[in-house]
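Got chain A; can you put chain B on it based on the hints?
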Amino acid sequence: MHNFMYFKLAAENIKKNAKMYIPYLITSIITIMMFYIMIFLAYNPGLTGMKGSNSVGTILNMGIYVIGIFAVIFLFYTNSFLLKRRKKEIGLFNILGMEKKHIARIMTIENIYSYLINMISGIFFGILFSRLMLLLLIKILRAGTGFVFNISLQGIYITLIFFTIISVLILLNNIRQIHLSKPIELLKGGNVGEKEPKSKWIIAAAGILTMGTGYFMAITVSNAVSALNYFFIAVILVIIGTYCLFTAGSIVLLKILRRNKKYYYKTNHFTSVSGMIYRMKQNAVGLANICILSTMVLVMLSSTVCLYIGQDNVLNNRFPTNIGINTIFSNKEESESVSNTVKKIVQDSGYKIESYNEFRYKVYTLEFNKEEKTFLPSTDITLNIDKMYLAYFFPIESYITQTGSDVVLNDEDVLIYSPDEIDISDKFLIQDLNFHVKGMVENPGFTIQTSGSYMKLVYIFVKDEEIISQIHNQFGDYYGDYYKLSHVIGFDIIENEDKQTKLVSTIRDTLESVDEYKNLTFQIYSTAEERFDFYALYGGLFFLGLFLGALFIMATVLIIYYKQISEGYEDKQRFYIMQQVGMSKVEVRKSIRSQVLTVFFLPLISAIVHIIFAFKMITMMLELLNLTNVSLFVICTVATVIIFTVFYTAVYSLTARTYYKIVE
Amino acid sequence: MILNVKNLKKVYTSRFGGHHVQALSNVTFSVDEGEFIAIMGESGSGKTTLLNILAALDKPTSGEVFLDGKALVGISEKEISAFRRDNLGFVFQDFNLLDNFSIKDNILLPLVLAGKSIEKMNTSLKPVLIKLGIEDIIEKYPYEISGGQKQRTAIARAIITNPKLLLADEPTGALDSRTTDSLLKLFRKINEDGQTVLMVTHSIKAASHASRVLFLRDGTVFHQIYRGESTNEELYQKISDTLTILATGGGFNA
Chain A
1 MHNFMYFKLA AENIKKNAKM YIPYLITSII TIMMFYIMIF LAYNPGLTGM KGSNSVGTIL
61 NMGIYVIGIF AVIFLFYTNS FLLKRRKKEI GLFNILGMEK KHIARIMTIE NIYSYLINMI
121 SGIFFGILFS RLMLLLLIKI LRAGTGFVFN ISLQGIYITL IFFTIISVLI LLNNIRQIHL
181 SKPIELLKGG NVGEKEPKSK WIIAAAGILT MGTGYFMAIT VSNAVSALNY FFIAVILVII
241 GTYCLFTAGS IVLLKILRRN KKYYYKTNHF TSVSGMIYRM KQNAVGLANI CILSTMVLVM
301 LSSTVCLYIG QDNVLNNRFP TNIGINTIFS NKEESESVSN TVKKIVQDSG YKIESYNEFR
361 YKVYTLEFNK EEKTFLPSTD ITLNIDKMYL AYFFPIESYI TQTGSDVVLN DEDVLIYSPD
421 EIDISDKFLI QDLNFHVKGM VENPGFTIQT SGSYMKLVYI FVKDEEIISQ IHNQFGDYYG
481 DYYKLSHVIG FDIIENEDKQ TKLVSTIRDT LESVDEYKNL TFQIYSTAEE RFDFYALYGG
541 LFFLGLFLGA LFIMATVLII YYKQISEGYE DKQRFYIMQQ VGMSKVEVRK SIRSQVLTVF
601 FLPLISAIVH IIFAFKMITM MLELLNLTNV SLFVICTVAT VIIFTVFYTA VYSLTARTYY
661 KIVE
Chain B
1 MILNVKNLKK VYTSRFGGHH VQALSNVTFS VDEGEFIAIM GESGSGKTTL LNILAALDKP
61 TSGEVFLDGK ALVGISEKEI SAFRRDNLGF VFQDFNLLDN FSIKDNILLP LVLAGKSIEK
121 MNTSLKPVLI KLGIEDIIEK YPYEISGGQK QRTAIARAII TNPKLLLADE PTGALDSRTT
181 DSLLKLFRKI NEDGQTVLMV THSIKAASHA SRVLFLRDGT VFHQIYRGES TNEELYQKIS
241 DTLTILATGG GFNA
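Heads up: the sequence lines are chains A and B, in that order. In case it helps, the working numbering puts the first sequence at residues 1 to 664. In case it helps, the working numbering puts the second sequence at residues 1 to 254.
Some clues are possibly wrong.
Said to hold, decoys possible - Simulated coverage check for chain A against chain B, where a stretch passes if three residues somewhere in it have a Cβ under 8 Å from a Cβ of chain B:
{"id": "1", "segment": "259-265"}
{"id": "2", "segment": "271-282"}
{"id": "3", "segment": "572-580"}
Claimed, not checked - Covered stretches of chain B, as calculated for chain A (at least 3 residues, CB under 8 Å):
{"id": "4", "segment": "39-49"}
{"id": "5", "segment": "71-85"}
{"id": "6", "segment": "104-115"}
Unchecked claim - Derived CB-CB ranges, DEER-like:
{"id": "7", "chain 1": "B", "residue 1": "V21", "chain 2": "A", "residue 2": "K88", "range": "23 to 31 Å"}
{"id": "8", "chain 1": "B", "residue 1": "G173", "chain 2": "A", "residue 2": "K19", "range": "26 to 34 Å"}
{"id": "9", "chain 1": "B", "residue 1": "A55", "chain 2": "A", "residue 2": "L180", "range": "37 to 45 Å"}
{"id": "10", "chain 1": "B", "residue 1": "H19", "chain 2": "A", "residue 2": "A550", "range": "32 to 40 Å"}
{"id": "11", "chain 1": "A", "residue 1": "L92", "chain 2": "B", "residue 2": "G173", "range": "17 to 25 Å"}
Since the hints were made in silico from the structure, they are not lab data. Glycine is no exception: its CB is placed at the ideal position from the N, C-alpha and C atoms.
Extracted from the complex, chain A is given alone in its bound form (with noise of 0.2 Å):
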């Protein structure tokens, strides 16, 4: 045969196949382009310029990496496809007399084919779009003009080395599986397999056990820690029970229909149960992983919008005041020159201080034995994170200044301020020392800044700084023998954000440059900085979570696609078989769309309820980012959801007049 003979086959099996090829190629076009995109984003020089570049930096590059897995596992699949669709030709070919050898070769032509349309048009796609992407990418980070625009040589260039792996990974096995296959195997090739799946108990059982642990893993997590702890165990699980129960599951509870006779043999019951458990058996997997590629699309949307959506909430809770310095560790007349020093910068600046808060705490985490009423010194916060305070004392000259209160405390008399819950009312230990509760105090007129709420608080106002070097003593060794109390001073001015920024640098300048001050510890800040951090960190994220969203949804719309394009051919001649055996058209127009809804919205239906599972979880986790606006949440995840399902009836909308063209 001539070379030219090859070439020339080659493209027409492209062409013939453009109904399984073109949406093939679509989907390798998009995946490379978006890697690509993701790399120039990710090593773009303005990023390192950029304030809070270290965490988009991670970001991006994170989202390099699961581009590449995602792209690896889904070609492969997507290929394993159009190869199953085409088993039969290529055996044609071979009993028409070509011989593996050949039909290798015009395989390989046809990978070259495709692999210089999906390179060229993902690179230059990427190229093209790329630009767009860094727009978005500014105006969500909201940075500055720091990124530059160019084509990223190193991007084109790791593009170009992973898909040609990647690539010639895909036309090996092609060609291991023509090898190994027999003519007449690949000739059936489009319908092996038809063996009707044997009941499978122990899988259904497993997938049942597994599912439910997981979400009971979400629904009785009780804190920040443990959901951190437990989410990825808890997403295994459940991707585990999710295979288990639609290969497994769905049928074993099929059979059982199907066992009841009274039920079984009515006319609808009869083709849709049997319909049923051969199409669950034929899909399961594939939707299995719709299920799971919508459950991430809907968590990683709803998450990031909605950390995205309440950054500045975030902010506030983070940084009570627009400009704050603590001192660590300083004793009383150290904290009153600092202060002094600090008032003074900001009075010869002009600007006026609102909100002025100051106070000295010392801060423990112990553990509280809600029997004993007592509470210890530990620091294992894994251990026992529901027992766990983190628990500031201050003087009770803080509470009064801030408050103007005329409270009068005697030694052994605490306040106390939680805004968790504490089951603490009267008499209480800490150690061995006893203490009353003179009062529970409903405001404290300040917020310590925190750095995440995943522990509980209470604040214990005592008599003076006396009673807190008695506490610490008794702990002994266990914090340190050093009793100093941190200092904290916060205020605002109503003045704009880059005043903000040289009034805190004048107070650091100036408080680093005084020698009295040379042995302390300042953390100095001011939230005009601080925010760019922030928008770095969930304007990353957020991003991110658009990116893959988008990247997934793709997949997904591929898989109903693929799926609805062999769900048609084999159902083709089952639709001309029950009209010889006395349906009408209607009938089995009927009972096949009520089938092939089922099958598409089952995973949907799955993914969503997986949300109401994991919302707790994903909470609680979200808290530790700072996010404790619940309601908010529930606003995004509801919006995520709904936008989704609209979406996807759409696609299925879509993809189902393809499935009408084949079966009619």
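Leaving out everything else, chain B in the frame of chain A:
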């Protein structure tokens, strides 16, 4: 008279109307109750078209078909499925069993579609299974049994409703010769039990089991042979001779 076909004509028009193909030009014949008719003819003689019209799967361009006195052509689209279910049984060359049903369920399919009760299904099922000798395989699936068994299943499915007419389209076409023999005997037996059978075939052997053979050529009934007192072998010879004349272009008149 159970089936009466009068002046049947069928013209296929290509999609854009330019091309006309006449599949049936003028077909007239009738079938009495209890007859076993074989219809023979070469490819393109109109056999399949005729069968599709008799099965109410296709409509003739002109002419009429009466089944037990009822005109097939006039039946509305709505009633046609029920009519087909109640009055006709089908057996096909490639069996057309549904892989997702067990043998038993394949046979029961028409009864389930007709909304019969489980008791009724069980009483109808038993004699049919015995008649066809497939009691042992009813829990199996179509892909687990042999071709002969598949065809027996298909026959069981066709006769379980006690149809007025059993239509068979090349029923032995996909079977080896030994299986073919036993299957044709089965058709005879069913026919002797009173079932009217109309079989389309181009196998002389299959046709030689019939009580009457019709020959189609160029869309008309060209000739017919009655079995009379002949044995299968004699009928086989007559059919063979007729086909030779047909092939060499001789002129009989029906």
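Here's how the hints hold up against the structure:
1. 259-265: holds (count 3)
2. 271-282: Check passed, 4 qualifying residues.
3. 572-580: With 6 residues close enough to chain B, the hint holds.
4. 39-49: Since 0 is below three, the answer is violated.
5. 71-85: holds (count 7)
6. 104-115: holds (count 8)
7. V21/B <-> K88/A: 23 to 31 Å: With Cβ atoms ~29 Å apart, the hint holds.
8. G173/B <-> K19/A: 26 to 34 Å: For G173/B and K19/A the Cβ distance comes to about 32 Å; the hint holds.
9. A55/B <-> L180/A: 37 to 45 Å: Roughly 44 Å apart at Cβ, these two residues keep to the hinted range, so it holds.
10. H19/B <-> A550/A: 32 to 40 Å: violated, 50 Å
11. L92/A <-> G173/B: 17 to 25 Å: The hinted range 17 to 25 Å holds for L92/A and G173/B, with Cβ atoms some 22 Å apart.
Of the hints listed earlier, those the structure fails to meet are numbers 4 and 10, in rising order.
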